[in-house]
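Asker: Protein chains in written order, with numbering that gives the first Met the number 0: chain P, 0 to 290; chain A, 0 to 653.
Just so you know, not all the hints are guaranteed correct.
[Said to hold, decoys possible] To spell it out: a stretch of chain P is covered by chain A in this simulated footprint if at least three of its residues, at any positions, have a beta carbon under 8 Å from a beta carbon of chain A; those stretches are:
1) 86-95
2) 217-229
[What the hints assert, rightly or not] A few chain A residues facing chain P, derived, Cβ under 10 Å:
3) 17
4) 428
5) 591
6) 592
7) 632
It should be emphasised that the hints constitute simulated quantities derived from the structure, not laboratory data. We treat Cβ as the ideally placed atom computed from N, Cα and C, and that holds for glycine.
These are the residues of each chain, in order.
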Amino acid sequence: MRTLVFVEDASDELSQQAVVMAKGLGGDVAAVAIDPSGGYAPAAWAQTLVEIAQSRGATAITAPGSERGNEILAHVAAKLDQPMAANCVSVAGGDPATVTRVRWGGSLLEEARLLGSPLLYTSAAHAIAAEPISDVETVPVTSALSELDQAVRVVEQVPASTSGVSLTDADVVVSGGRGVGSAEGFSIIEELAELLGGAVGCSRAVTSAGWRPHSDQVGQTGSKVSPEIYIACGISGATQHMAGVKGAKRLLAINPDGEASIFAGADYAVIGDLHEVVPAISAEIRKVKGT
Amino acid sequence: MLAALLAVSSYLFAVRVRFLVDLVRSAAPTTRAGDRERRVRNEATIVLGQRKLLQRIVPGLIHAFIFWGFLVLGPTIVIAMIGVVSKHATLPWLGDQGWYAFLVDLFAVLVLVGVVSALWIRKVQRPRRFEGSHLGEADLILALIATIAISLLLWHATRIALGLNEWPASSAPVSHLLSHLFAHDGTTRVLERVFVWVHVTTILAFLAYLPRSKHLHIASAAFNVWYGRTGPGGQLETLRFDDPNIPEEDIRFGAGTSADLTWKEMLDTFSCTECGRCQDVCPAFATGKALSPKLVIMGLRDQVFADGAALVKSRDGEKPIDLTSLVPTAVPEESVWDCVTCGACVQACPVSIEHVDHIVDLRRHLVMVDSSFPAEAEPMLRDIERASNPWGKAQSERADWAAGLGIRILEPGEAAPEYLYWVGCASSFDERARATAENTARLLQRAGVDFAILGAREACTGDPARRIGNEYVFQGFAEQNVATLNEAGVTKIIANCPHCFNTLGNEYPDFGGHYEVIHHTEVLARLVSEGRLTPRRDENLKVTYHDSCYLARHNDVLAPPRELVSAVGQTVEMERSGKQTFCCGAGGAHMWMEERGTQINDNRVREAAGTGAGTLAVACPFCTVMLDDGVQGAGADLRVADVATLLVEAGAAD
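Build out the structure end to end from the sequences listed, making use of the hints.
Answerer: Quick look at the structure:
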């Protein structure tokens, strides 16, 4: 066995694990990183690996089961028209080789025969202990690239928007339900969220009505949030919504209907019209802040 | 000449039929044995009686005229061929019968009436159900049928004019009337030959064309109906992962390529005539989704034919490995997820195509092999696995609704009650559906029924997992629940969720669970009719009842909930009711998926509001939630309530 291991860099833990797994197969193991100065380009990097593998007569090509490793190896598989097994927890040589790989987010292990030559697989994260890699060879991206190989590449890196706080990370989530009444009605929700440095959420009824994008939806089929406080405005508290709020430390509910089920799980309750209550809270915060 | 034509046509027919039979034989196995009596009855009613076609009376009659016409006219093919050989010969006995000549005359006309009406529908009315069908091909087929019928009538007319008729001219009044167009002369003698040749050659051309066209159903439909499912509509076929009798290569994980289709699924694709009745009743299609059940079947058929040669070749050896994926090539991914498994398409299909099985098989492959399914459904699957319910609530809270009601919770080792009340996740955990659990329990207590609940030992039946395609998770829960129920010695189960009801009663037998499962509306209706519950009827309470798909369409529970509704108030029916009901939008795991565009529940709530009823009665916790959401969304002046709740409000539990 002559195995070529793609590594992201020598210090990358998943890459180190990939090398350990490759050594388990026996034979020569060469760890190769690709010079990133030209920017990440999956097809180009895959083409580079293919050329190295062919020139050295590699009988297996592997990569860590990271997003990048899986992506590059999938390109390698497509270029060589060979099958590839992703996220393997173990690999055994033989004819054919057998792999055990993770399916279903870790809830299933699949045993499979891996056909094809060279063998193509990626190693599942943390399936095997990492060991420092002694020698990683860094190679430049090959010059023999087709237009297609260069079609997908990183052209610019933009940091995640800092203007808004992400729903899932926010310490405060101010969420509106059907009771808000309209897309425009969310201006008071947005105002309160901004004053508290929090994010705006909404219920399924709101996205169904088209008032907010699905990315704002909190619930079973939306985001699961875990803020210090969740402020539910005009939300009845359907099971589907509450499934997304389980992680909130405190729940403040504002609803005109005292019977609404949202109050069952609320730490603080305001029985009243959100259109009066929410602006009043905002005004009070402003007063305290002195703005 | 005739012999040569007959040979060519028969050869072309036979080659194609052989290919089709080989295709079916190459397909994956499925069990359609047994139930002979029911199958004979299906042939008699669905094929000969045209029962499913006549679900729509006008197009149904049109088809029945043509179909019955061809049965009656069948022997005239032989008569005409004999006529080609000798104008003085005919089929012994039948060819001489006046009554038969009359029937031929009558049905030739009825066929023509059928063809003209069909053209009227296609060209003038242009219903939406034909969207996506091959319209040109249909026109050609109608033209061929018309040619066959017209040439037959004209042939008979010329024979009457020439005095060649073996039967009294008066027994064939239409041909007799037409015969006045022809003189007793040489021209007519030529025309008589022309018509009989046109008739016979058209039939032979039709024979050769038929198995290559969408009109193949003439040959395949009777088989497809015979092998149609005879069990309850809501039952899905169990995939066997660990049966030692099944070789590893034959284990199916749904359908990824055409080689994975079962032979019934393949036969389904051959039987589709693109009539679009399925599309017409599909709630997803009706609300502008990508799904059309018709296009699913057509897409699969095109793929089967594209892969045909490879499939046939594979019959004895290994499965072909480089076939195109069915999704998205044959069926767009969106369509696969749009289905609510309501079964309206299957019910509407005149030739017993089982669309839901196809869609679930496509889902199974996407979920179990490709791990590719709508992201928003993932928490549901994870929560079922982790917490035994789709919302991830704590199992310890499952019986919270029962606190203070004095309901017996069946503990391990205790004697089983007469009825186990299977509450289901929705009625246990959903705040809107909980009223159903509470009120059902109070009514059972009031009537003195011996029952208990399982409390924290009850787990999700696995229905949403199975219907989204995750057969692994479903089977795990089926085995677990069957073990719990069998160990407790349960024999009779009351379920208030039609999805649990369907799974427990129709699907658990495959896992060793055999129980008498009844829906809460069934037991409550019996208690009312026996006088053990006495609700007060309020004449001013106007109620419309929404049938749950899994209760009405899949399991034929129609009367009991209606009896209950009429025991508490005045019933108004919606147009789409009973087995023709329109889904609430939650089936097929859609309770845990997002819906794009117009909402199915909105469509349904508007129909309910249109009846003028103030109360929308339901008998399913999913329908309760979906329709209540719909009412709030539409701002309709309707109150959604389970029939059990209506009974309690009518004093039946006092």
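Asker: Check each numbered hint from earlier against the structure, then list the numbers of those it violates in ascending order.
Answerer: Violated: hints 1 and 3.
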